[in-house]
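Novice: Letter by letter, the chains look like this.
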Amino acid sequence: MSTAAETVQPVARPASRSRAFRKSRFGRILLRSPFYFLIIIIFIYALFPFVWAIRSSITPDNALFATPLQYFPKHPTLDNYKAAFQTDFFWHSLINSAVVAITVTLLSLLVGSLAAYALGRFRFRGRGFVMYLMLSMTIFPQIAILGALYTMVAGNNLGFGIHLPNIYDTKWALILTYLIFTLPFTVWVLTSFMKALPRDLEEAAYVDGATPIQVFYKVLLPLIAPGLVTTGLLAFIAAWNEYLFALSFIQTPTNYTVPIAITSFVGKSGSAFQQPWGEIMAATVIVTIPLIVLVLVLQKRILAGLTAGAVKG
Amino acid sequence: MSSVATPAPTGRRKAGRNLQARQTRLAWLLLLPALVVVAFVAIYPLGKTLYQSFTDQEFLQTTPTHWVGFDNYCCGPLSLRHDTIFWQSVWQTIKFTLITVSFEFALGLIIALVVNSSFKGRGVMRAIMLVPWAIPTVVAAQMWKWMLDDTFGVVNDAAHRLHLSDGRTAFISDPHTALAAVSAVDIWKTTPFVALLLLAGLQVIPGDLYEAAEMDGASQLQQFWKITLPLLAPAILVTLIFRTLDALRVFDVFYVFFGNRADTQTMAIYNQQTIVGSGYVGYGSAISVAIFLIISLFVIIYVTFLRVTDE
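Chains as they are written, first to last, in this note's numbering: chain A, 245 to 557; chain B, 44 to 354.
Everything labelled a hint here was simulated from the structure, so no lab data went into it.
A few of these clues could be false.
As the list claims (entries may be wrong) - Straight-line Cα separation of at most 25 Å, DSS-like style, residue types lysine-lysine; simulated pairs: (1) A:K544 / A:K439; (2) B:K163 / A:K415; (3) B:K91 / A:K544; (4) A:K439 / A:K415.
To be verified - Partial selection, computed: residues in chain B whose CB lies under 7 Å from chain A: (5) N61; (6) R65; (7) Q66; (8) A70; (9) T98; (10) L156; (11) S161; (12) R165; (13) V174; (14) P179; (15) V181; (16) L207; (17) I334.
Unchecked claim - Which stretches of chain B does chain A cover? Using the computed rule of at least three CB atoms under 8 Å from a CB of chain A, they are: (18) 110-119; (19) 184-192.
Yeah, the Cβ is synthetic: ideal placement off N, Cα and C, and Gly gets one too.
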């Protein structure tokens, strides 16, 4: 392993021809070339659909709907982007999705970090049960409660004289139901962050006369900030991408979220037969770019959160 | 904290017990909001779904709802047992799950092994792998739907230029290729994610194991079978469980590709259409319960399998 041993080796063992070839610069590149070929394939495979979406979004309609295809548009244009933004529900959907996703994220972090504080830093009977409950909720199929949620959202009699308000076709229907998949996951991951902090961390603060709540937000919360960023980001992406509930609980075009808007474009003639693919591709590029930026900037955090969620599950 | 209380006088022990009681109370208080949310948006709806599945409830109906017992499941005019569309959707979903999970696992493992070796640009590579995972499934589905278009799609154009076909394949509307087309989107979107999970597992395997194997003259292939695969087994199982559960509840890609076309419905789409499209809340709830049971069955299979391999 030491450099001395390495320099001695060739002398000790007469180098064969193939060995010399393998050690040479040219040989090394040649032997590694299938490997790099594989890397390039993976690269193209992962990125091609985006490249194609961008290409289609800047291709004018007369070239877009013509064969044989132009792989690089001869007269690139931004008309499709203009058209996408002029579709009134598209602007609304960006704002709606942002409001819903941010609210869901903040609620999950607030409620989830309090729960994680209890589960990660206290010992009490029933703790194991709550942990199991949260874990089973993370793999819970949302479709299984669609029927009940549908009637609840439309204003339901809970019994005991309690009537739920009718929140069908409002953001609240989405915010409340999205908590099903964001909250248990948030609790689960934040608890593992809380647990990882040293055991005697709070004691100094308690000696100084701090209350448990002060300990929570002055000592613990700043320390699990990376965990908050990770889980917050994952909750945001999950809420931003959700389709089933949005499709079921939202009706008015101005209340659409991004996934519904993306599937709702109709051509100028109003016929569903000819879909305005240039416009649709422009819209997909617009909604994808913020996510790509977010992922590229915070990729380490996301990876940490994903593997924490999966490996500890 | 309580470990300080060594052979303590009774007064101190009492204080300790008091402290414990106070801590317990505080802990439950902190948990309260989360438990209320879970009870309200998950546990209550689950119970309600179960209840509704024994009724003939319809959305916005004028006649009162009746308790119909097991009619929705076995014996009524509209019952799961005789509902061929439902069973077709179950079969469709299971086929989709088997296809996508096996492809994603095989491709994901190859990619994980490639990215695990060190090369220039490894960081960039890993970031790029996250991109398909992060974009909305609906957006991915739209991109692919356009790529697979029967006249202006790039896949058809490329196939035509390479003389592989006449360039007119209707991938999405042709029942023979529909499942393959929709699987391609899911495989594209999820394989990198599977690779990243497996990569996390690969990176925990200590490197000196390979060094030792190298010393003993083990070939690369032997190293893979005897070291990598056994040590990766836990990560593989967790990944497979997550992917299977996800695939079984697939909705987005199918809905974007086919709408509610009968021959390509998945369980989730048939369920959503019955409840929201037709307004049959009672019968739809029975479908929900059936889906829940089917998914639970898969969980049980996996968990027992995990237990067996643990021993």
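Novice: Between B:K163 and A:K415, does the CA-CA distance stay at or below 25 Å?
Specialist: Roughly 46 Å between the alpha carbons, so the hint for B:K163 and A:K415 is violated.
Novice: Does the structure keep A:K544 and A:K439 at a Cα separation of 25 Å or less?
Specialist: Since the Cα atoms of A:K544 and A:K439 sit roughly 21 Å apart, the hinted pair holds (cutoff 25 Å).
Novice: Please verify whether A:K439 and A:K415 have alpha carbons no more than 25 Å apart.
Specialist: violated, 35 Å
Novice: With 7 Å as the cut and Cβ atoms as the points, is B:V174 at the interface with chain A?
Specialist: Interface hint status for B:V174: holds (6 Å vs cutoff 7 Å).
Novice: Tell me if the interface restraint on B:N61 is satisfied: Cβ within less than 7 Å of some Cβ in chain A.
Specialist: violated, 14 Å
Novice: Regarding the hint that B:L207 lies at the interface with chain A, is the smallest CB-CB distance below 7 Å?
Specialist: violated, 15 Å
Novice: For the hint on B:L156, just tell me whether its beta-carbon gets within less than 7 Å of chain A.
Specialist: Since chain A brings no Cβ nearer than about 10 Å to B:L156, farther than 7 Å, the hint is violated.
Novice: With a cut-off of 7 Å on the beta carbons, see whether B:T98 makes it to chain A.
Specialist: Not OK, violated: B:T98 not within 7 Å of chain A, min 11 Å.
Novice: Interface hint check: B:V181, Cβ to nearest Cβ on chain A, cutoff 7 Å. Holds or violated?
Specialist: holds, 4 Å
Novice: Report holds or violated for the interface hint on B:S161, using the least CB-CB distance to chain A and a cut-off of 7 Å.
Specialist: Status violated, d = 11 Å.
Novice: Would the stated hint for B:Q66 survive a check requiring a Cβ distance to chain A of less than 7 Å?
Specialist: holds, 5 Å
Novice: Hinted pair, alpha-carbon criterion (25 Å max): B:K91, A:K544. Please report holds or violated.
Specialist: Distance ~41 Å between B:K91 and A:K544 Cα, so the pair is violated.
Hints 2, 3, 4, 5, 6, 9, 10, 11, 12, 16, 18, counting from the list given before, are not met by this structure.
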